[in-house]
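The whole structure should be built from the sequences, with the hints applied where relevant.
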Amino acid sequence: MKTVQLSRLLRPIALLTLVVFVGIFPVVIAPNDTFNTIAVFTLIGAIAVVGWNIFSGYSGYISLGHSVFYGIGAYTFGLASVDWHIPGGWEPFLLLPLAGLVAGIVALPLGWISLRTRRHTFIVISIAWVFIFQLLAYNMRGFTGGSNGVFMPLTPWIAPYVDLPFYYVAFAVLIVAVFVSWWIRHSKYGLGLLAIRDDEDRALGLGVKAGPFKLSAYVISAVFVGMAGAIYVYYIGSVYPEIGFNPVVDLTMAIMGFLGGMGTVAGPLVGALLVTPFQQWLDLQFGGQGVNLMIYGALFLMILLLLPRGIVPSLQERWRTWRVGHQTKLADRIRATNQEKPAVMAERRGEG
Amino acid sequence: MSLLEVQAVSKAFGGIQALSSCTIAVEQGAISGLIGPNGSGKTTLFNVITGYEKVDVGTVLFHGRSITNSTPDRVFSLGIGRTFQLTRIFPRLTVLENMHIAARRERIKELFSRWSSTHEQRQALELLEFVNLLSHKETPAGNLSYGQKKLLEFALILVAKPQVILLDEPAGGVNPTMINELANHIRTLNQQQGITFLVVEHNMEFVMGLCHTVNVMHRGAKIAEGPPDHVRANPEVLEAYLGA
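In order, the protein sequence lines correspond to chains P and L. If you count the first sequence from 1, position 310 lands on 402 in this note's numbering, and the numbers rise without skipping. If you count the second sequence from 1, position 157 lands on 192 in this note's numbering, and the numbers rise without skipping.
Any given hint could be a false lead.
As the list claims (entries may be wrong) - Cross-link-like lysine-lysine pairs, in silico, DSSO-like; alpha carbons within 30 Å at most:
#1 K301(P) x K89(L)
#2 K196(L) x K89(L)
#3 K144(L) x K196(L)
#4 K301(P) x K257(L)
#5 K421(P) x K144(L)
#6 K196(L) x K172(L)
#7 K257(L) x K89(L)
#8 K172(L) x K144(L)
#9 K172(L) x K421(P)
#10 K144(L) x K301(P)
Rather than coming from a laboratory, the hints here were simulated on the basis of the structure.
Structure, rendered in C-alpha cells:
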C-alpha cells in the first residue's frame, strides 16, 4: 500500500521539481550567456516538437513538413510587428497567439489535401509543402521581402538580461503546449488518435471519425509549431525564406520525437533536451561546411536503427518488466518464508 | 421485415465478380451462419454491409432503412459491429485501452473528457472478465496470444452494445477449448441481450452446433438457406463444396 501512495506522489513532486529547476535555471544555476542562449533554443525546440508530437506522435502520420507552420508563425509575427509598428520589447509577444492562429488556419487546407494520403505518400507530400512555401516566400517579394526577409523589432534589453524575456515566454508557452498534449493524451480524442496510429481502418469501423480526428490534430499541432517559429525569429532578429521554411527544422523535430519517444507526453521534452544542445554544439564546431548536416542525417538513421521506439517508451517498458519481476520475486520470498517458518519452529523446539 | 437485408448486391473487383446479385436476410435475434467455399464472397459481403467496400448495384437495409455505401463509422454507430478474419486489435495500446475505443464519443464535450469514465471502466472490466482477459488488462494487446486477440476483438465491439455482430471466422486458428468457450459466449449474448449474429466460419461443427439458420454462398450468390440439417443434405451445397 505504501509504495502505491509513494509512486502516486512521485509524479507531481518530480514535475514540480522540474518546473522549479527550469524556472530558476538561467538566473541561479547558469547565469551565463552561452548557456542561456542554448536554453532558449532548447525551449523553442521543445515547444515545436511537443506540438509536432500532438499530430505525428499520436496519430502516427509522420509529417516532415511542419516547418511550414514554423515559417508561417515566423512571418506572421514579423510582418504584423513591422506593419503595425510595434516597438521592440514585451509587446510583440502579444502577437504569439496570432502567429499560432494563422499557422492553424493555413494548416486547414494543407491538412485537408495531404491527409487524403497515408504513410509514405503522406510524408512525401508533407515535404513538398516546405519547398512550395519556401519558393512562395522568395517570390512574393512585395509581401515577404523576398530573400532579404523581414527584420524584427529591436529589443531594448541589454546584457546580461537579453535572453531572459525569451526564456520565460518560451517556458510559459511550453507549459501550455505540454498541458494540451497531456490533456489530449488522456482524453477520448487522444485515444482515438492512438487507435488511428495502430489501425486506422479498424478504428473507423469502431466509430472513430478518422478524418476530422486527424485534421484537428494537424491544426492543433500547427498552432504550437507556429508559435515556436515566432519566438525563434524574434529571438534571432529576422526571418528569411531558408530560416522560416527550413527542412532542417523538420528533421530536428523528427529526431527529437523519435529519440525521446513518439506518442508520449514526456518523450518530446527528453528529445528536445538532448538534441538541441548537441545541435548547437555541432553548428559551432562544424557549421561552416555543412558537415553538421551530414552528422545530423547520420544521427537520425542511427536513432531509427537502434532506438526505434525512443527513450521514454523503452524506459517505461523496462520499468514495467522490473516491477512485474520485483512483485513475483517478492511473492516468492513471502511464500518461501512461510514455508520456512514451521521448519524453523521445529528446529527450535528440538534445541529446546 | 428482417433486421438486416442485403438485396441483389453485386460487386466486382476488376474482372472478378465477387458478389453477383446476392440476397441475404438476417432475422432479429437469430444466430445465422454464412458458409461457402473460399472465394465465394463471404468477406466481401461483410465489407459491403459494414461500409468498407462500396456496392456496384443493389441495396443494404438495416431496420428497413438503406445503409448502402455508408461509411464504416456510421454503420457502426447504427449498431452493426464486426470482427475481421485476420484479427485486428490495436497492438500498441493496452487491453484496457482497446476496450475503450468503441466507446461513444459523439459530442465535442465527450471527446475531451477523460478516456475512461468510471462507468466505462466498470463496463470494460466486466466484459474482460466475461472473456477471461481481466488479468491481462495492462498488457499491450500485441503481446496477447492469437486466441486471446480474437476474444479481445470480440469483447471490444460489445462495449458499444451493437444490435448485430458480424463475426468473420471467429474460430479460425483457435484451440478447441476456446472454440467452445466462444460458442458459449455467443449463445449467452444472444439469449440474454438479444444480440443478432451473422457468422462466417469454415469449422462446420461450430456452425452447425451454433447457428439457427445457415446461408450458403457460392460464386458470389446465395445458393441455399435453412436450418443446419437441411443445408447439410442439400445436393447443390455438396456440389459447391466438393466441386463435382
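Going through the hints against the structure:
1. K301(P) x K89(L): Holds - the C-alpha atoms of K89(L) and K301(P) are around 18 Å apart, at most 30 Å.
2. K196(L) x K89(L): Since the Cα atoms of K196(L) and K89(L) sit roughly 25 Å apart, the hinted pair holds (cutoff 30 Å).
3. K144(L) x K196(L): The given pair, whose Cα atoms are some 21 Å apart, holds under the 30 Å limit.
4. K301(P) x K257(L): violated (33 Å)
5. K421(P) x K144(L): Outside the cut-off at roughly 45 Å; violated.
6. K196(L) x K172(L): holds (20 Å)
7. K257(L) x K89(L): holds (19 Å)
8. K172(L) x K144(L): holds (27 Å)
9. K172(L) x K421(P): Roughly 21 Å between the alpha carbons, so the hint for K172(L) and K421(P) holds.
10. K144(L) x K301(P): Since the Cα atoms of K144(L) and K301(P) sit roughly 15 Å apart, the hinted pair holds (cutoff 30 Å).
In summary, the numbered hints that this structure violates are 4, 5.
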